[in-house]
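Student: Dock chain B against chain A, hints included.
From first to last, the protein sequence lines are chains A and B. According to the working numbering, the first sequence is numbered sequentially starting from 1. According to the working numbering, the second sequence is numbered sequentially starting from 1.
One thing to keep in mind: the hints can contain errors.
It does not matter which identical chain is used: a pair holds within one copy or between any two.
[As the list claims (entries may be wrong)] Dumping the calculated BS3-like pairs for lysine-lysine here, alpha-carbon to alpha-carbon at most 30 Å:
#, residue 1, residue 2
1, Lys68, Lys205
2, Lys4, Lys68
3, Lys239, Lys163
4, Lys163, Lys195
5, Lys163, Lys61
6, Lys89, Lys173
7, Lys255, Lys173
8, Lys239, Lys189
Bear in mind the hints are in silico, worked out from the structure with no lab data behind them. Quick caveat, the model's predicted, so the values are computed rather than measured.
2 protein chains.
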Amino acid sequence: MSKKPLILVTNDDGISAPGIRSLIKVMNTIGDVVVVAPNSPQSAMGHAITVNSTLECNLIKIDNGPQKEYSCSGTPADCIKLGINEILKRKPDICVSGINHGSNSSINVIYSGTMSAALEASIEGIPAIGFSLLDYRWEANFDSLTKYIERITKTALKEGIPKGNALNVNFPKLKEKEIKGIKICRQAKAYWIEKFDKRTNPQGKEYYWLTGEFINEDNGINTDEWALNNGYISIVPVKFDMTDHNNIKRLNNWKF
Amino acid sequence: MSKKPLILVTNDDGISAPGIRSLIKVMNTIGDVVVVAPNSPQSAMGHAITVNSTLECNLIKIDNGPQKEYSCSGTPADCIKLGINEILKRKPDICVSGINHGSNSSINVIYSGTMSAALEASIEGIPAIGFSLLDYRWEANFDSLTKYIERITKTALKEGIPKGNALNVNFPKLKEKEIKGIKICRQAKAYWIEKFDKRTNPQGKEYYWLTGEFINEDNGINTDEWALNNGYISIVPVKFDMTDHNNIKRLNNWKF
Chain A
1 MSKKPLILVT
11 NDDGISAPGI
21 RSLIKVMNTI
31 GDVVVVAPNS
41 PQSAMGHAIT
51 VNSTLECNLI
61 KIDNGPQKEY
71 SCSGTPADCI
81 KLGINEILKR
91 KPDICVSGIN
101 HGSNSSINVI
111 YSGTMSAALE
121 ASIEGIPAIG
131 FSLLDYRWEA
141 NFDSLTKYIE
151 RITKTALKEG
161 IPKGNALNVN
171 FPKLKEKEIK
181 GIKICRQAKA
191 YWIEKFDKRT
201 NPQGKEYYWL
211 TGEFINEDNG
221 INTDEWALNN
231 GYISIVPVKF
241 DMTDHNNIKR
251 LNNWKF
Chain B
1 MSKKPLILVT
11 NDDGISAPGI
21 RSLIKVMNTI
31 GDVVVVAPNS
41 PQSAMGHAIT
51 VNSTLECNLI
61 KIDNGPQKEY
71 SCSGTPADCI
81 KLGINEILKR
91 KPDICVSGIN
101 HGSNSSINVI
111 YSGTMSAALE
121 ASIEGIPAIG
131 FSLLDYRWEA
141 NFDSLTKYIE
151 RITKTALKEG
161 IPKGNALNVN
171 FPKLKEKEIK
181 GIKICRQAKA
191 YWIEKFDKRT
201 NPQGKEYYWL
211 TGEFINEDNG
221 INTDEWALNN
231 GYISIVPVKF
241 DMTDHNNIKR
251 LNNWKF
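Pulled out of the complex, with its shape left as it was, chain A reads as follows (with noise of 0.2 Å):
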């Protein structure tokens, strides 16, 4: 028999978030698991790192399953700086980020705690996804997912995810038996308009609330929002490298 994945377990909404507790569950039946997640919600933390204060790693255990979990008082991107290179004995077969708490997909990537725990497995050349379910709710229904999720990972590891990407992994708000297929897709053209919610506080003194619409301009059943709106789990190869090769040459025509 061949030996069990090592499996790093990570996510944004917190150690004792439904979501990661439902990923975590999934993660037992693949392989040996060792969750290193936040101590408290950061989304929306992007590709954060703390650099300029300290960083705690406790031991707990808050259910009866067989995996190993530490609570961590950084970021996603610090739990999985910490749990390669500080916690785990062996470099992980594969890092699993989530189940997020709402959609990291189009332009969300960007502002993800979610995929920036992804990107930073991917960075250091281990195998990683991160999973979201477009519903927000504490309460949201994960249960519908598990299968998904199995066949997913389970295929990441046998076809072997590309060097240098991460896969965005976006789950519609929908029951299992709703649920169409999985596309591999291309981001979104899509962004926010914010608008800011101004109030007073009882001492006088104003301050904002970021809210925002969610603006899709982009109709291309290529996109990972075409497949959500449509019934699919949409997957997208994320790369860590920025550059945007196609205008490199457009900008060596520019006279400085």
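Tutor: Then chain B, alone, in the frame of chain A:
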């Protein structure tokens, strides 16, 4: 005479850092300047935005320049969102971020608050440039850069930064006359080997400091690392579409 360009300035080292004070001085010679910058250092914040707490923004005066300045409680990306959507009366003609105290070349771009501000502006359809100097010291010498920053910004305003791109400009730590010129580059494939410095606090509890070693195994002469190591200013066009389009076909062959 043509109307002066409207320039939004931010950074991640905080509004009083010498780097942004130098950048403001240069921008005052080019256009009408509005500064919206963090009230405290935000280095390595990645593309974080503030969604779970409130933001404050105060009109302040730091020097006798003609610019208008706002000190903000959020991240660099927050500052751009606030600047564009709440503070400025019209869309700025360009956003500039920096001058960062330290490198944002190669893989550092992904952790960079300076570049997250520039990318946020490009997501909102505004031409944007992030400037960084390969010198982490507070007292770094920014004087030798001002001529080049003026030239790069004016060229970008004239030629037009490609849609969906922000420019990642890094300066070698050299005197003005030692700088050989400007190179358009791709991001070098480099990474950090993390080392966690494990310590014990006075109460006996363990904690970590993140440290690391920068490893560049990419010797391409079209990379930013090569340019910087050979006396050139590097400019990398950076995009917010993180899809690895080259690997979509490969993933489509996966058997789930």
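Student: Look at each hint and say if it fits the structure.
Tutor: Now the hints, each set against the structure:
1. Proximity of Lys68 to Lys205 under the C-alpha cut-off of 30 Å is restricted to the inter-copy arrangement: shortest distance 20 Å between copies versus 46 Å within a copy.
2. Proximity of Lys4 to Lys68 under the C-alpha cut-off of 30 Å is restricted to the intra-copy arrangement: shortest distance 15 Å within a copy versus 60 Å between copies.
3. In this homomeric assembly, Lys239 and Lys163 come within 30 Å of each other (Cα to Cα) both inside a single copy, at 9 Å, and across copies, at 20 Å.
4. Taking CA atoms no more than 30 Å apart as the test, Lys163 paired with Lys195 passes between copies only; the shortest distance there is 23 Å, against 38 Å inside one copy.
5. Within a single copy, Lys163 and Lys61 get their C-alpha atoms no closer than 34 Å, and across copies no closer than 49 Å, so neither meets the 30 Å cut-off.
6. Proximity of Lys89 to Lys173 under the C-alpha cut-off of 30 Å is found in neither arrangement, the shortest distances being 37 Å within a copy and 39 Å between copies.
7. In this assembly of identical chains, Lys255 and Lys173 lie within 30 Å of each other by CA distance solely across copies; the values are 24 Å between and 50 Å within a copy.
8. Proximity of Lys239 and Lys189 under a CA criterion of 30 Å is satisfied in both settings, with 16 Å inside one chain copy and 12 Å between copies.
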